[in-house]
Amino acid sequence: MARRRFAEVSRESVKLMAESAGAELGDDVAALLAEDVCYRLREATQSSSQFMRHAKRRKLTVEDFNRALRWSNVEAVCGYGAQDALPFRPAKEGELFFIEDRDINLVELALATNIPKGCAETMVRVNVSYLDGKGNLEPQGTVPSAVQSLSDDLLKYYQQITRAILGEDPHLMKVALLDLQSNSKIAALLPYFVYVISGVKSVSHDLEQLNRLLHMVKSLVQNPYLYLGSYVRSLVSSVMYCILEPLAASINPLNDHWTLRDYAALLLTGLYHQILLSLQKVLSDPVRPLCSHYGAVVGSTLWGGRCAVERVLFPHLPAYWANLQAVLDDYSVSNAQVKADGHKVYGAILVAVERLLKMKALSQPADGGSSGQPGSAVGVVGYRVSSPGLSPPPEPLSEAALGIASHLQAGGAGCPWEEWTPVPLPAMYCELYSFFGDSLAVRFSTGPGFGSYPPCPPSQLGDARKEPCGPASNPDTARKMPQLTANLNISPRQDGSPRTDPPPPSLASTGPGRSLARSSSSSSSSSSVQRSKSSLSRSGQRPAGPSRDVFPKARFTSPQTGLPVFSFLIGGRQRGRRCKLPVIGRVGKPVRRWACSHYSLHLPL
Amino acid sequence: MAAVQGGLVDAVEEKDIKTEPSSDGIGNNNANDGGPLSASPSSSASAGSNKSSAGAPEDQQTLLAVLQFLKKNKLTESVDILRREAGLPEDSLDLKGGDSSGLLSCHHHLVLNAHLTETFSPTAAGEDQPDVNVVLSAYSQQGDPKLYPVYYSGLKRFIESVLDCHRAELSQVFYPLFVHMYLELVYNNYESEAKAFFEKYTGDQECYYEDDLRILSSLSKREHMRGNETLLDFRTSKFVLRISRDSYQLLKRHLQERQNNQIWNIIQEHLYIDIFDGMPRSKSQIDAMSGSLAGEGKREANKAKVYYGLLKEPEIELPLDDEDEEAENEEGKPKKKKPKKDSMGSKSKKQDPHAPSQTRIPLPELKDSDKLDKIMYMKEATKRIRLGPDNLPSICFYSFLNAYQGLTAVDFTDDSSLIAGGFADSTVRVWSVTPKKLRKVKSAADLNLIDKESDDVLERIMDEKTASESKILYGHSGPVYGISFSPDRNYLLSSSEDGTVRLWSLQTFTCLVGYKGHNYPVWDTHFSPHGYYFISGGHDRVARLWATDHYQPLRMFSGHLADITCTRFHPNSNYVATGSSDRTIRLWDVLNGNCVRIFTGHKGPIHALAFSPNGKFLASGATDGRVLLWDIGNGMMFGELKGHTDSIYSLRFSRDGEILASGSMDNTVRLWDALKAFDDLETDDFTAATGHVHLQDNSQELLLGTYVSKSTPVIHLHFTRRNLLLAAGSYNP
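Just so you know, the protein sequences line up as chains A and B, in that order. For the first sequence, the UniProt record's numbering assigns the number 1 to the initial residue and increments by one for each residue that follows. For the second sequence, the UniProt record's numbering assigns the number 1 to the initial residue and increments by one for each residue that follows.
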């Protein structure tokens, strides 16, 4: 243990001190004194550290040392208590070092007029760290750590952009969004932006923030230099969240979350096929709240245009209608809010089908007698021509979209898109009329082909119509809005069905009237079918059913005798129009910028 | 405090130890007469067996020595009392060694204890006590200093050559031997030899003795030894080693064969070897328990029964108008009892077998306001969050800004409505952390004007003009190191460097009492959970138990060999725990003043203690950055929580005891799975049987989270009644 570990006072120092005090010391005395002084110093230091520890400090102060001295009956050393370090200076001549100790004019100090302001008052401030269940700190707007690995410029850009977009200044936000839309060098940042956007889930209470994040999506999607690749999926899920989830913001009816849903739905036009599946699932899930359904409807309307409506909404309408109707029929006070929501959905559906009809009507001539170009009237086409359907969408999205499409097919559970066949306009109109009655703004000549029970596609549709006629004549048919859509009955023909359907009764019922049902299930996986079935059976035992169901009063009077089979009223495939794949090409019409139709449900045709 | 006191008290108090030749000053006169070496072979079985025979006269002599001392200091009253109670005849002072059979009862013992410490404390301050010289003179026996390194290295060689299983145990001898040999060299003025000896062998010592060695190394002259506390500790207390019988025999045989008297003398005189039967302990087992200034705690010291159970909660009728939920249904009256039963939970159960009787120590009666508070507590408790590894508490950090490194102590009231800070500038500041402001009671003149019959008289007595967010309490003349709220929130205690403990009223915000008794800095103070009593401890190594209405302490707990750094009351108020810079924790019985537990294992001064809410366990944190968990029932260590990188200043169990939170100078709060640590304990009964700890290193499994503050050391932690964690510290930019 080297002695050097300790501060030492040399005997020369002791001699010097003695000299300055006017005493002469011999060498041996000085040596002894020096050693003792060293020891006493160490001892005092040891005990002073105790004062430091109890004051919960890491820094030993002069004060601590003086306390230690005082408790060991030694006079305290005054004059070194200053907070700032004392400069230790060499003298010019000779090896002499000293601590600078300036004289202070006390008179001047006492009479000084510039009295320093009192130091700030000691106070207590609170900071709360909210932990989630797992002990992680809740994120509080911090930069994700991975971002740190970026170059400084990019990092700065990222920070500026996110700050601008999520910040208060609307002008700054616009600038940021514009740049995001056109900057060609931000490919490396894409994952981080996607990450930021995925934050929608944590701000579902804040409409403003949600809006901003959606704008960000829009800018990213519009940026021609960005290849979204696999990030599309993440973006889609974020946007879908805004569309479909019962956001916290929607609890307050004052919040205009409807607009948000509209906007988000609009965004989807840029994002793609993947959505179809989700929309369908939501729509066919009666447990979801109405606002989710609304999202699904406008989503398919605005995003998918005719095709989506035709393939997602239309086939599901019969099943959905019953539920919706139940809500609308309930005039109880407690139901008022739900009912209002229901009307919203109703309106959305109405708009959707009207558009569908119109487009179908318009495209009719072009179709000629064949399948032709059913998608030619796709209304909402943005900067990128979106072409629902199987045909590979044109560049630049092509690859991503393809990937998604293939993904869809894989998840399609044996219901490939190929099986979808369009329903002819007259049949569709008849059908829709049976739901909406005169609420439908679009009118076609109600010639012999367009009656309330139009035998328009005579052969098959007629067959299909015949069967449910009986149940259709229940009291409700007298209403202004004819609603009856489905019922349960025991299909006598199940055994005779030409196809061997899976034993459990499914929405896609047997018999010749299956074609539409077929198309309805074209994209919905078997799970969604199962779900609607289970919900049906649940509503069958309504009294015991959970009251939390959004459709508590869905009226399905189910004769539970025998194996129930669900069948639709809706007509079937038109033999004459049996066609190949719907081929959708570029639209002949001028491309409309989507910006001009922001927030609008009523897109001009 | 000087050696004499510590030594004497030790001897009197722990009379069951029955030391062999007593090492303290007075007993020393005849201690060496017989010659330890010659005495021990006769009792070849163990060192312990011949102690019992020596016991009674030893006690007698100690008593006589005490009497002599008292007489010398003209404390005739005390002499009389002591003589009467010890049953000594009037002239026993003259008849040295006269046989009388008085064994002190606990109570007498305490009185003696108190008398002793009080009489000694003023005199002990002086340095040139003759008694100190007597103590030191134990070293005067001559031996050839040149041979010390030879002896030591001989022993070292021997220990290195023994079987592995014995080596770890015997290595424990190194440190005390080393220290005593060094001191002997220094005492006998062999300065250069001492220096050489130190430098040669200091590297062999365990790293956790580093602090002591540093002090030791600075000491090189006989003059230095006088008044050096660390050194006196070594002299006055025997270093306790636990060694298995086999290992001990091995050592003894070796020393006797070699005629190594020097070492044997030291072992006989200055070491207490606690011999146990069975397997020798492993190195890790030894390391877990050692580290304290005076070796491990003796096993006998932890044998006493401790009533660690909780007291029965008093039955409290919920007042009729106090139901907010049931207020709606008027028929709810029969329901009234039910929620109470639920919230009180265990109250209907029969008495806990481990709990002390309700009246073991007198506790204050509950006032009406206390009952109201209990009701509030129960209500809050029903809303308490159940914590666990999957459900950690959120942390609310109270930062003291502009404290200029001056914040020295913090406390919260139990209901988390007030926070108080003690500062280096001698002030105590109280803040309200709720919107309710702090108000003083009106002056006496104004109080006369108040309608005393009105219902809201308690509200009327408050002076609205004085309402403010914080109040400053002036009175101390040194940094305030300890602070504690009374459970009823009416009082605040503060202990300071000026040697006083002050009691402040939180109604008038004035000082009510200054308790003087500690003549040195008082490092910590803590109110009893039942109010009325409080404990304080400081630099004078004595913990004092006070009652708020007595200006003299009720009990004095002495035995620590260095400063008492922290004090805590057991939840049942029957015990107090004290942590010390001698690196031990002691548990004291409030009733009779006995030390009932000694916990060793920390490697640094202990600055934080926390009892688990069920009273069964104790957690301690030290400057070594480790938290140790102790089972009070059997006195065993059962957990070691490693993770902090700096001193731990605060520990707290959650209200249900599932989580242990620790706060440290390293600016972190760490949360530990206390439940898991307790569970591990219950499955392992082997340790309890043998008395040896097997600590598995599972700190990482038990650590549930680490939360870093922004350069703010965490000096206090508190769980609200609903289990939100509050932390406090001062921001040090």
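Derived from the structure by calculation, the hints contain no laboratory data. Take these hints with a grain of salt, some might be off.
What the hints assert, rightly or not - Here are the simulated EDC-like pairs of lysine to aspartate or glutamate, each with C-alpha atoms no more than 16 Å apart in a straight line:
#, chain 1, residue 1, chain 2, residue 2
1, B, K436, B, D455
2, A, K185, A, D152
3, B, K221, A, D152
4, B, K221, A, E35
5, B, K471, A, E121
6, A, K59, B, E380
As the list claims (entries may be wrong) - Simulated coverage check for chain B against chain A, where a stretch passes if three residues somewhere in it have a Cβ under 8 Å from a Cβ of chain A:
#, region
7, 63-72
8, 374-381
9, 566-579
Claimed, not checked - Beta-carbon label-pair distances, calculated as ranges:
#, chain 1, residue 1, chain 2, residue 2, range
10, A, V333, B, S711, 27 to 37 Å
11, A, F98, B, A196, 33 to 43 Å
12, A, L16, B, Q256, 52 to 62 Å
13, A, E19, B, S192, 58 to 68 Å
14, B, K710, A, K174, 52 to 62 Å
15, B, E469, A, S184, 27 to 37 Å
16, B, S711, A, Q160, 20 to 30 Å
17, A, G167, B, K710, 51 to 61 Å
18, A, G199, B, K710, 55 to 65 Å
19, B, R384, A, V175, 43 to 53 Å
20, A, I104, B, D646, 53 to 63 Å
21, B, E469, A, K201, 57 to 67 Å
22, A, E19, B, S161, 51 to 61 Å
23, B, N448, A, N105, 47 to 57 Å
All residues carry an ideal CB built from backbone N, CA and C; glycine is no exception.
These are the hints, each one checked on the structure:
no.	hint	result
1	B:K436 with B:D455	violated, 20 Å
2	A:K185 with A:D152	holds, 14 Å
3	B:K221 with A:D152	violated, 62 Å
4	B:K221 with A:E35	holds, 9 Å
5	B:K471 with A:E121	holds, 12 Å
6	A:K59 with B:E380	violated, 41 Å
7	63-72	violated (count 0)
8	374-381	violated (count 0)
9	566-579	violated (count 0)
10	A:V333 with B:S711: 27 to 37 Å	violated, 58 Å
11	A:F98 with B:A196: 33 to 43 Å	holds, 38 Å
12	A:L16 with B:Q256: 52 to 62 Å	holds, 57 Å
13	A:E19 with B:S192: 58 to 68 Å	violated, 30 Å
14	B:K710 with A:K174: 52 to 62 Å	violated, 35 Å
15	B:E469 with A:S184: 27 to 37 Å	violated, 56 Å
16	B:S711 with A:Q160: 20 to 30 Å	holds, 28 Å
17	A:G167 with B:K710: 51 to 61 Å	violated, 24 Å
18	A:G199 with B:K710: 55 to 65 Å	violated, 24 Å
19	B:R384 with A:V175: 43 to 53 Å	holds, 51 Å
20	A:I104 with B:D646: 53 to 63 Å	violated, 38 Å
21	B:E469 with A:K201: 57 to 67 Å	violated, 39 Å
22	A:E19 with B:S161: 51 to 61 Å	holds, 58 Å
23	B:N448 with A:N105: 47 to 57 Å	holds, 54 Å
Violated hints, listed in ascending order, are 1, 3, 6, 7, 8, 9, 10, 13, 14, 15, 17, 18, 20 and 21; each of the other numbered hints is respected by the structure.
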